[in-house]
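**Q** Below, each chain spelled out in residue letters.
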Amino acid sequence: AQTVTQSQPEMSVQEAETVTLSCTYDTSESDYYLFWYKQPPSRQMILVIRQEAYKQQNATENRFSVNFQKAAKSFSLKISDSQLGDAAMYFCAYRRSEKLVFGKGTKLTVNP
Amino acid sequence: DTAVSQTPKYLVTQMGNDKSIKCEQNLGHDTMYWYKQDSKKFLKIMFSYNNKELIINETVPNRFSPKSPDKAHLNLHINSLELGDSAVYFCASSQTGEETQYFGPGTRLLVL
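Here the protein sequences come in this chain order: A and B. Using this note's numbering, the letters of the first sequence correspond one by one to residues 1 to 112. Using this note's numbering, the letters of the second sequence correspond one by one to residues 1 to 112.
Treat the hints with caution; some may be incorrect.
Short, incomplete list of chain B residues facing chain A, as computed with Cβ under 10 Å [stated by the list, open to error]: (1) K22; (2) S48; (3) K52; (4) F64; (5) T96; (6) T100; (7) G104.
What follows is a list of derived Cβ distance ranges for each label pair [unchecked claim]: (8) B/M15 - A/R96: 35 to 41 Å; (9) B/R108 - A/Q69: 33 to 39 Å; (10) A/S7 - B/E98: 28 to 34 Å; (11) A/Q57 - B/N62: 15 to 21 Å.
Cβ-to-Cβ under 8 Å is the rule here; a few derived chain B residues that face chain A [said to hold, decoys possible]: (12) Y10; (13) E53; (14) I56; (15) G106.
None of these hints come from the bench; they were simulated from the model. Just so it is clear, the structure is predicted and the values come from calculations on it, not from any experiment. Backbone N, C-alpha and C define an ideal beta-carbon position, used for all residues, glycine too.
Sequences are here, hints too, so could you generate the full structure?
**A** Following this line, the structure appears as structure tokens:
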């Protein structure tokens, strides 16, 4: 069974600084997709970034980038120039066979 | 122009009642999902439908019955509600061949 582990229940960062959220996963598959979703207090699940496992290049979306290490089964999210609006729960997710398997989330606090 | 919408957003009810949550997507997707987020924020898949056909049913009590009248709608009916059903229920959709799932705003269910 696929499992996703987020080892940091909570993280904090100063505004304008950089923070990295960790995620590891367990799978025997070679072809899969990984995602980071953001859930602010409004509770909406917002896609932040996605990574196809067959692509070696790390995905980037503006201030958000990932460090995808396929052999190590690691998929960390880096947020640069953190903003107050980045404060939220962040969920790492693995997709295979139509369903998403989520980690338990990391609560990110951004300090002004 | 809401992509995935759910009604109601909040639902407070008594134990033993029957309730329904509705989901609609206007993205033209062919696959829809129900996820449950518990009090610890853990998200888990419940059901998935592709073109009105059930494709995932993840160890959910029989009191939960999804219904998909067409591929743009996926409703969730819950019979004999229990305290443990209190959670946030998310609907999501995706298109076959495109791995990203888009989430609705969630429905917070509170069973008293």
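**Q** Next, verify each hint and record whether it holds.
**A** Tested hints:
1. K22: violated (18 Å)
2. S48: holds (5 Å)
3. K52: violated (15 Å)
4. F64: Given a least distance of 16 Å, the restraint on B/F64 is violated.
5. T96: holds (9 Å)
6. T100: At 6 Å from the nearest chain A Cβ, B/T100 passes the 10 Å test, so the hint holds.
7. G104: With a closest approach of 8 Å, the B/G104 hint holds.
8. B/M15 - A/R96: 35 to 41 Å: Roughly 37 Å apart at Cβ, these two residues keep to the hinted range, so it holds.
9. B/R108 - A/Q69: 33 to 39 Å: holds (37 Å)
10. A/S7 - B/E98: 28 to 34 Å: Taking Cβ atoms as reference, A/S7 and B/E98 lie about 30 Å apart, which means the hint holds.
11. A/Q57 - B/N62: 15 to 21 Å: violated (46 Å)
12. Y10: violated (11 Å)
13. E53: It is violated, given that the least Cβ distance between B/E53 and chain A is near 12 Å, above 8 Å.
14. I56: holds (6 Å)
15. G106: With a minimum Cβ separation of about 5 Å from chain A (threshold 8 Å), the hint on B/G106 holds.
Going through the hint list in order, the structure does not satisfy hints 1, 3, 4, 11, 12, 13.
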